[in-house]
Every structure is written in structure tokens, then in C-alpha cells.
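Engineer: The lines below spell out each chain.
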Amino acid sequence: MNTHSDMQAGQDTALPGPTTSKTRLVVNGTERVLEVDNRTTLLDALREHLRLTGTKKGCDHGQCGACTCFVNGQRVNSCLSLAVMHDGDEITTIEGLGTPEDMDPLQAAFVAHDGFQCGYCTPGQICSAKATLEELRAGIPSHVTKDLLANPPLSPEEIKERMSGNICRCGAYANILEAVLDVAEAR
Amino acid sequence: MDFNTAAETNIFDRPKILGKAVPRRDGPLKTTGRAPYAYERHDVAEGQLVGYPLGSAIAKGRILSMDTEAARAAPGVRAIVTTLDMEAMPVPSEMHTAHLFGGDKVEHYHQAIAVVVAETFEQARAATALIKVEYDADEGAEFDLLAAYEKMKDTPVDPEVSKGDFETAFANAAHRIDRTYVTTPQNHAQMEPQATVAAWDENGNVTLWTSNQMIQWAKKAVAKTFEMDVEKVRVDSPYVGGGFGNKLFIRSDVVLAALGAKAAGQPVKLAMPRPFVMNNTTHRAGTVQRIRIGTDAQGKIVALAHEGTSNTLPGGSGEDATNQSQHFYAADTLLIATRLAEMHLPEANAMRAPGEASGLMGLEMAMDEMAEELGMDPVQFRLVNDTDTSPATGKKFSDRNFARCLTEGAERFGWENRNTTPGSRREGDWLIGHGVAGAFRPSPATTSGARVRLQADGRIIVETDMTDIGTGSYTIIAQTVAEAMGMDIEDVEVRLGDSAFPVSSGSGGQFGAVSSTAGAYAACTALRREVARRIGHNDADGLSFARGNVTAGAKETPLVDIAPEGEIVAEDKVKFGSFRKDRMVATFAAHFVEVGVNAWTGEVRVRRMLGVCDAGRIMNPTTALSQVIGGMVMGVGAALSEEIAVDTAKGVFINHDLANYEVPVHADIPEQEVVFLDTLDPVSGPLKSKGVGELGLCGVAGAVANAVYNATGVRAREYPITLDKLLDGLPEV
Amino acid sequence: MRAFSYEKVKNPAGAAARAAEVANAKFVAGGTNLLDLMKLEIETPLHLIDVNGLGLDRIEGTDDGGLRIGTLVRNTALAADERVKRDYPVLTRALMAGASGQLRNKATTGGNLLQRTRCPYFYDTAMACNKRKPGSGCAAQAPGAFSRQLGVVGVSEACIATHPSDMAVAMRALDAVVETVMPEGETRAIPLADFHLLPGHTPEVETALKPGELITAVTLPAPVGGHQSYTKVRDRSSYAFALVSVALIRQPDGSGAVALGGVAPKPWRNAAADKLLPEGAKAVMAELMKDARPTEQNRYKIKLAERTLASALNEAKG
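Going line by line, the protein sequences match chains S, B and V. Its first residue numbered 1, the first sequence is counted upward by one per residue in my numbering. Its first residue numbered 1, the second sequence is counted upward by one per residue in my numbering. Its first residue numbered 1, the third sequence is counted upward by one per residue in my numbering.
Bound conformation, chain S alone (with noise of 0.2 Å):
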């Protein structure tokens, strides 16, 4: 929390520049422009100009996993990246996965496990799932690989440490690994 004994008054100095920016993102294929203040983080673009509301704040400080989406196919944590950092950039959120009448294999398989309750954490889950499939497919090793010159195994161990930066507090992990390992085995 902000506070006081640290806070000096105003910004006495004159800034180089404007505060705010134009950002080109390219949101689940569809291209949007924006003029956001430069403060603006990636996850409040989405949520707050683009009303793409799917993606969460659980934290703002990169805590929780919550606000989990994909830049250029990557994922990452939008509550600490600015939107004028991605002008250009290919955004994916779970808006973009698939929809309630056309859901996504994972979305599908995580209604079918009950892999939440609250929901609140959910969209950022579902993004990792996808990403953490996809880095166990592309070889990329994790704190629990214990070989790293071999390809990582496709094992609940290599899952649920790549979806530790998610939390649920609900606590649906084993629902949510039950889900992840049925869509992984179905490929």
C-alpha cells in the first residue's frame, strides 16, 4: 500500500515526453489501436479498454498467475508489462481460446474434471495449461527435469511444477492435473 512518510508532493519535474502512447495490439486475430497511458499494463488494456475481461487481476504484482495470456505465442504474466511495450505484438487470451458454444479441448476438459470452483483463476490456468504443454513438447527443461540433455517426460511431476506460478486457492489442483494429462494424452 502507498503511503506518506515516503510520498513527496507532485512531479516537479518536467517529463522528456507525453504520458500517453498509441499501441497497435493484435487481440485473438483481430487488430486493435490504442491510446493508453503509458501506465497502463498490458492486463488493463485487455480488461479495461478492450473489456476483454477473461483474463484476471488477482495480484497486479505477479503473484498469483491469474492474468496469464499469450504474447507472440509465449505465455506471460500481462499485470507486469506495459501495453506500449507491445505495440505490434500478438495477444491471445482465453477469450480467444474458444467460447462456452465452442470451448477449447482444454476448456472442455477442465468442465469435465472440475478443474475449478471460484473460476477466478481459471483463464490464467488454462493459458499455462496450453503453454505448458507446449514447452514439454518444444523440450524446454523445469526445476524438476532431471535429465536436461533429454527431452522432459509428459509426466503429472514436469505438470505441476510448470503450473506452480497458478495459484488456486480454491485448491482444484489435482482436478486441474486430471484435466491437463487427459488433453495431453489425447494428442
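Treat the hints loosely; a few may be bogus.
As a list, the in silico SDA-like pairs of lysine to any residue whose alpha-carbon atoms are at most 25 Å apart [as the list claims (entries may be wrong)]:
| # | chain 1 | residue 1 | chain 2 | residue 2 |
| --- | --- | --- | --- | --- |
| 1 | V | K282 | B | Q216 |
| 2 | B | K151 | B | R179 |
| 3 | B | K581 | B | G428 |
| 4 | B | K105 | B | K132 |
| 5 | B | K105 | B | P75 |
| 6 | V | K303 | B | K581 |
| 7 | B | K153 | B | D165 |
| 8 | V | K133 | B | P682 |
| 9 | V | K26 | S | G17 |
| 10 | V | K26 | S | S21 |
| 11 | B | K395 | B | R72 |
| 12 | B | K232 | B | Q216 |
| 13 | V | K317 | B | V733 |
| 14 | B | K581 | B | A403 |
| 15 | V | K317 | B | G428 |
| 16 | B | K725 | V | K133 |
| 17 | V | K26 | S | P18 |
| 18 | V | K317 | V | G225 |
Calculated Cβ distances over 10 Å to all of chain V for the following chain B residues [as the list claims (entries may be wrong)]:
| # | residue |
| --- | --- |
| 19 | M89 |
| 20 | A392 |
| 21 | D647 |
By construction, these hints were calculated from the structure, which means they are not laboratory data. Even glycine gets a Cβ: it sits at the ideal position worked out from N, Cα and C.
Once you've looked at the hints, dock chains B and V against the given chain S.
Structural biologist: Structure of chains B and V alone, referenced to chain S:
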């Protein structure tokens, strides 16, 4: 509908849909990011501004001045309301302790003292930081529970329960232990921080789109806080991103959003910043628990004393860690006492399974220590002390199958192959241990209403202000209505969380599922009566509802033909009669845990978990299972990592974010097995079911703790059991 | 977060020059720690210089058989690099023990070295903190403070914060060197050993970097082989900062290098301790911890560090 006698055979005993593993009805919306949570309600009010809160930088004292000049001049700022602008607003309800806003008095750290409203979030946040505050902090305020306990522990208190002559029985017991256990404060840490959109209309009505477990309480609390007519308040909370008790009551987000909206003359939305949540809202109090157990030579408990002390703001109720000890085990004599250490830490209030979650962390470790003292198998020790009657009240349990939980659990877990000598089983770098604990949690029920609307097309819409906080209310209410009306679940739509709907039980105390489904059933019964009337019958009981039809004798009428001219609306509520209080209605479980403790570093990793639960009819095995495994995860956190770190000089919960307050992550959770005993409790309610939402947490931490002891031979009596508490007792390297 | 202006830069020397020229400017790359701190107004830059377009994102061999890691190489890419996995496994292990998959995708090599402490008193602007506000005091050492996770060695009366990086601990064991460019365009190489500074009376000064100076790369000497491990001890299994971590490189003859994380304001290693490796964990740790000044709450870290090293050595001996 009055529930005044135990349920007899009814439609739920031949279920077609109740009791089935129906997938969560809100699943497709939640997994595709389309379920709208409070802060996301862009559509409900035009022109939403953004509020940002400021919290007190001291824990106790007064605010001398607040300089908002720079903040008011900051870009985009539309309104600022400070706590010095008004007298203290009334405390919202009897269940709140601290004031949420107003006045110069600071009762705890990060108490809300201002809200800044601006056109954007970025502007509001930046302007808030420009407010300058001068404080007069009280020196020498008490913030240290352990220190307070040392001062008060020898002062006698009136016991809550005193049965027989405990002191004599304990002194004469063949075997006895006298131990003290400590639990640290815990944070709910639900993933969605509190958030509210507030809008006033020209007539002084306010609508609050918020995240709350108890809609009717919230509505009344808003009216009380703002000293306005309760009918001018509407609260809407269809999706709640976790609560665990942290959203039982309105918190400062509601008040600040409403104050900000009034000041700005426009709707305002406000979400609590995560670092603000822990100190501004509520927590589970820390406890110090002295437990004494005396047994006869065979292990029968002849004396049990549980004395609990917890922290609270003055006037609050702390954490009663002793409740389960009154009822759970047979004990010839009992002494139950609680002490409240009043101090100016943030507000202690309910968190999932308040009382039992902490109390069983003490009691079940004590049971393990007593079993060891006796040289008895801890499962056997609990079996020997099973009871069908609460020793404190003398009331019989309506249905209790705790012994089955223990014996079936022991068999399934392979308890006979457990490590029996603490510290003696090692696999590579890991010391392996096994632990068991019992679980007890009352299963209350409370008045709950619903409205059902039979549509011209034969579908039914259910409306109730019940909430679904991840518990599965949408799904089990739909199942109940589909069952009662003989319909496909696809033809039932459930709408929740709006105070315009009939008042329900709300979600808390694991009473929600039992109460709200019974309320929906009551409304369905009223609808069945009306349908009967429409087809010329006075007695709905003689009709059969199945496959979307109503059948009277040989005549079958499709429900679509009942209301061709417009919907039929029926509303009722269930009221639970006092007969229910003649019995102890409670849930039980046995938890079995295997842990590995790294012999070098003392890191504890849970390797497998089993819970066997006794909770009456399971309305949906999928959602019930999720409740229980989720509780077990929270229990692992309580046992091993969750600790609100109290700066005992400053009165600050210093680890106030999700990096420093460590809840379990995926990698912490092993294989979890859950078994529900196939039981029915007709005293509990018309569906013969009981709650599971809190049961799943109860006892888990104790089982983990006992397994850690079994693995290492080190008995850590202060939770969480982190490696620093084990290191000195690990094998030499 | 205060309002700031923003620009992208195209070349490293230009970036450094710009940073020296504009008052209160900061570089931003991954942003995973800077934005976190800006939201809390712990960092209050008026101008951000986005260095992501500098192209310093390659890993290439050096003339002496080592590796040059561009400052913008992301933690995931570095950990997954075939040469790193094969020749510097301690580095891959350390990187993968840190943060989470999505944070590692953003976090850069240079940024990782520059991340600031996670001391909770540093993170709460209502608390006294000499690192955040010089002269305000160290709330973490006041009576009643919570210091279980803070530093035990290399700390001072002014500050007991730890450096939170895992990557840096492995790089310290590998004798990494930080390459930089100055505003005037000169370059220099700073051994990682000298890069982070101890707090002394000035905990706000954390690195040897001069105003405007930009990290361009980290170089690793030619591979040293041996058994390499990174043992990170924490309360939960993942996604947590180290209570203690040990980067170990052990040669078949028993010699090697040891660096510790989680105990000090910088990756903690010294040559005298390395020499004692053949004698075992106790001797090494006695040397590394000889000037320790733990608090009551974090004294356990001394024993934990010794036991963690003993565990790593045991594993190395196979």
C-alpha cells in the same frame, strides 16, 4: 415449508439427477472467461469512474490531519473523500468489529482512511499516493498474542463447559498429557480481491455490484452503515471469485465505492489492491491452545481440557478453537475455556471452518501425543473414544459414522503398513512418516427462500439470492429443481446473488448447500401445488412429475401445456424447526497422510492424502469432491506454510501479499483420494444431506503434523511446521 | 505509479546516453520487477527507456571458449539453451528454480541481476527502510520485526535484505563477468563478484553501475565441467524465493566452487571457502559464515546452509 420432523421417504430417495456427477453448470462461462465478476461489470452502469483506497500507516492512534491538495490537483481526479470528512460511520453489523470508515480514530493497520475517484485506474492510484497524512500513534499498544497469553494464562476464567470434576479426574488419570499448541493467524487469500461497482440514482437508491457471500447481510449492512432505508439498497453478486469467509460481510470496498460514487455524482468501481487486502479485511486469528488429556489404563478418556486463547480487536470474538472438543470424543469430565486477547491487530473474523480448523490442529495433535503416551495405535485410540452423544450437551448425534471413516480409511490407506517408530523409515534422502487425524464440524441449516418460474415453454427459472462462491450452488440447485419437477436439468436455469431475489441462507458455515437446496425444494413444492390446481387437482402429492410431464392418474400433461398464457410463479422458503436442535447434526471425517521430510534440509513434502467423509447424501459427487480436495489443499497450507507474519511492535501483518504469504501451489499437492460414506441424515433437512465445504479442511493440518512427527521424531507444536522447527532434531550429517 | 514518458531506443550506447541525459530515467526490459515496484511507488522513474529493441538477445560463443549471453536473453531461453544445459547445468538449474514459467518468459538476464530485494519492509512504503529511503532506519531489525527470511551474512546495521536472484548465484559460482556500456560509449567488464555491493551504510547503492550505464551481456568463461548442482530450499515446493540455496561445482578431485543464495545481499562466495571444499560442508560453511550476524528468527539459516551444502556434496559424490 416447515421442516419440523425428520425427513421421511421422499422424491429424493429415488433420484434421477440429484446425487449424480453433473458437470458444473457455470463451467463453460468460467473456463472461457465469460463469467462476469464484480469489477468486470462494464455493462451495468454508464460512466464508471475508478476509486482507489488509502490505508492507515499506523495500527492504533489518531489522524491529526490529511492534506489532499496535491491529490485533488492531480490529473483526472474527480472526487476525494477522507475519513476526516465525517464522523465514524456505524459499524455495519453486529458481526463486524472495526469501523469501515469515518472519524479520526485508527483501529488497525491499513484501515481505510480515504478514497480517491478519478477517470482512470492509473490516475486514481497515482493521486492516492499524493495524500499526506499526519498521525498521532499510540505508543505501547499490544500486538503480541504470545506475550498477551503469558500474561493472562494463569488468571482463572469462567469455563464455557465444565462437566464433572476435571481436575481430580485428570490428577488421578492413569496416563496424561499437558501440551500447548500455537496456530498463527491465517489469511483467506481468495483469488479475487474485494471489488464493488456502486451507483446511486436520483431517488437515493444505491446498487452495489460486488463480490459477497451473504447478500441479505450485505444489503442490511449497507443500509446500517449509510443510515438509509434498507429497501433503497440493491446488491448483486452472481459470481464470487472465492470467499472462504473473507466476503461474508461487506468490507471497505463497498463503502468506499458508494461514498466515492456519491461524491463524484457518477458510478464508481473499486477493487482492493492485493497488498491492502490482508490488513484491511479480516483474518483467522492466531490461537494458543492448552490441551490436557487424561485416560484410564485402557485408553478411555476420563478427563479432557481445552483452553483456547486468540487475538481480537476489542469487542470482537476471535477464534474459538475449543468447540469441537466439547462434542467430538467421549470424555467423562470436560473443561472448556476461552480467553480473548484484545489488541489492535486487524479484525479477526470467520475463515473457512472457523473454530474447528484451528481447534483440530491442536486437538488432533494432542490425540496423537496421547496415543503415543499410551502406546496405542492412534486410529484405535480414536475408536475407543468414539461416542454417539456429545459429552458436553448430552445430545445424541443425528447420524454419526466417524468410526467407519477411521476403519475404512485405515484399510484403504494401508495404515497397517505405516511407519510405527518415529524417525525410523528412510527412502534415500527422505524420512517417511504417516499421520491420521479426525475431523468434526457441525452442519447447521438456516431459513432459505427461492422463487421458481415455470415458463410458457416448459422451462423453469429459479431465483434466489444464494451465492455460488465456487461451492457449486448453481449446479446443485438446478439438480434439486430438476428432480423435484421431473425435468431435464437443461430446462432449469438458476439465477443467483441478486438481492431482488428471495432471501436465502447465503454461503457460509457449510450451511449453504443444505439450506438453499431445501429452499428451492420448498418453492418447487409450491409450484407443484399450483400446477395441480391448474389441472384441477387439490393434492399435488398424488401427482407424479417426470420426464417434463405431470401425471394425474392416467392423464399425462406436458409442463409446456401448463402455462401457455404466461409464466407461473411460485415462491416459498424452508424454515428449520427447533426439533433439529434436539440433536447434534454434524459431519465427520478421517484424514490419512503420508509425508516425506528431507533428512538434510527438513523440507516437508506431502506424498499422498486420503479423506473419508461422512456428510449424509452427497448431492453432486463432482462438486462435493472439489470442496473436499480444496479443503485438503488449504489444510496442507495451514500445516506447512501459511503464516501471517505479525510485526509485534508495529501491529502490522507485514507479509501482506501473495509472494510472502505462501499458500500451496500445484507442486505441493500430491495424489488426493476422497471417499464419501453412503449415508443419509434425515434430521439435517429434506434432502438428508449435510455440508462438506468446511469438513474437507478440518483435521487435515493435524494429520500432516502427525505425519511429520512420525517421519522425524520431532514434535513441532507451533504451526506452520516449517523446516526451521525441525532442523535441530534431524539426523546428524 | 507516477506518470512517466516512454521511448524505445535502437542502440546500446544511445540508450546509455539517453539515460544519462534525462533526469530520473530508467531502463525497462522484462519489467517483471520494475513495474511491480513502480505500482507501489518504490521506484518512481519519470521516463522509461525501453531497451527491448536493442537486439542484445543472442547467446554466442566467445574466443576463449565461453559464452556471451545478451542482456535481453530471457530466462527461459537461457535455461533451455543447449550449450547452457550441457556445459553450465548449474545455470539452467538455478534459472528453473526461480519464479514461474510465465515470469521466466519475460525476465531478462540483465534484469535478473538488477532485481531488488523482496524484504517485506522494503515493499511497504509506510515502514522504515534505509534501502528505499536512506536514513529512515531498518524496520526489519527493530524489536518485534519479522526477519525469518532475511539475510544473515554480509548484512549491516543499516540493512539485512537479501538479493533474491537464483540465476546470479549460479553465475557467481561460474565466475561470470558483466559487460556494460557507458553513456560516453565506452564499455567495461565487471566481474559478477564485484557487481553487487554490500549494504554497509549505503544499502540504497546496490551495484557498481554508474549513472546511465547499461548492461549489455554476461559472459561465462570456458566450461569447467565437474558435477554441477543448484539446491534451493524453500517452504513451498515452487514459486517461492529461497530460504537458502547452494550452487555447487565439484570436480572429481574434490575441488570446486560454492555460492550461496538467500543468505546475503549478494551471491555469497569466497575463495577461501572454495579451497575448503575437500574438507566438507562444515569447514566451507564456517568460512562462508564467519562474520554472520543473524537475527533470532533467521539464525537457523546458518545450520540450514551447512546441511544443504552437505546434501549437495553427498549427491555430487554419487
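Engineer: A separate judgement is required for each hint: does it hold in the structure or not?
Structural biologist: We went through each hint and held it up to the structure:
1. K282(V) to Q216(B): Between K282(V) and Q216(B) the Cα gap is close to 63 Å, so the pair fails against 25 Å, i.e. violated.
2. K151(B) to R179(B): With Cα atoms ~18 Å apart, K151(B) and R179(B) stay inside 25 Å; holds.
3. K581(B) to G428(B): It is violated: about 54 Å lies between the C-alpha atoms, which goes past 25 Å.
4. K105(B) to K132(B): Measuring from Cα to Cα gives roughly 16 Å; hence the hint holds.
5. K105(B) to P75(B): violated (30 Å)
6. K303(V) to K581(B): violated (55 Å)
7. K153(B) to D165(B): holds (20 Å)
8. K133(V) to P682(B): At roughly 64 Å apart (the allowed maximum being 25 Å), P682(B) and K133(V) break the hint.
9. K26(V) to G17(S): holds (14 Å)
10. K26(V) to S21(S): holds (18 Å)
11. K395(B) to R72(B): Distance of about 63 Å is beyond 25 Å: violated.
12. K232(B) to Q216(B): It holds: about 13 Å lies between the C-alpha atoms, which stays within 25 Å.
13. K317(V) to V733(B): Holds: K317(V) and V733(B) sit about 14 Å apart, inside 25 Å.
14. K581(B) to A403(B): holds (23 Å)
15. K317(V) to G428(B): Distance ~14 Å between K317(V) and G428(B) Cα, so the pair holds.
16. K725(B) to K133(V): Between K725(B) and K133(V) the Cα gap is close to 34 Å, so the pair fails against 25 Å, i.e. violated.
17. K26(V) to P18(S): holds (16 Å)
18. K317(V) to G225(V): holds (15 Å)
19. M89: Non-interface label stands for M89(B): nearest chain V Cβ at 24 Å, farther than 10 Å.
20. A392: Its Cβ never comes within 10 Å of chain V, the nearest being 37 Å, so this holds.
21. D647: Its Cβ does come within 10 Å of chain V, the nearest being 5 Å, so this is violated.
The structure does not agree with the numbered hints 1, 3, 5, 6, 8, 11, 16, 21 stated previously, though it agrees with the rest.
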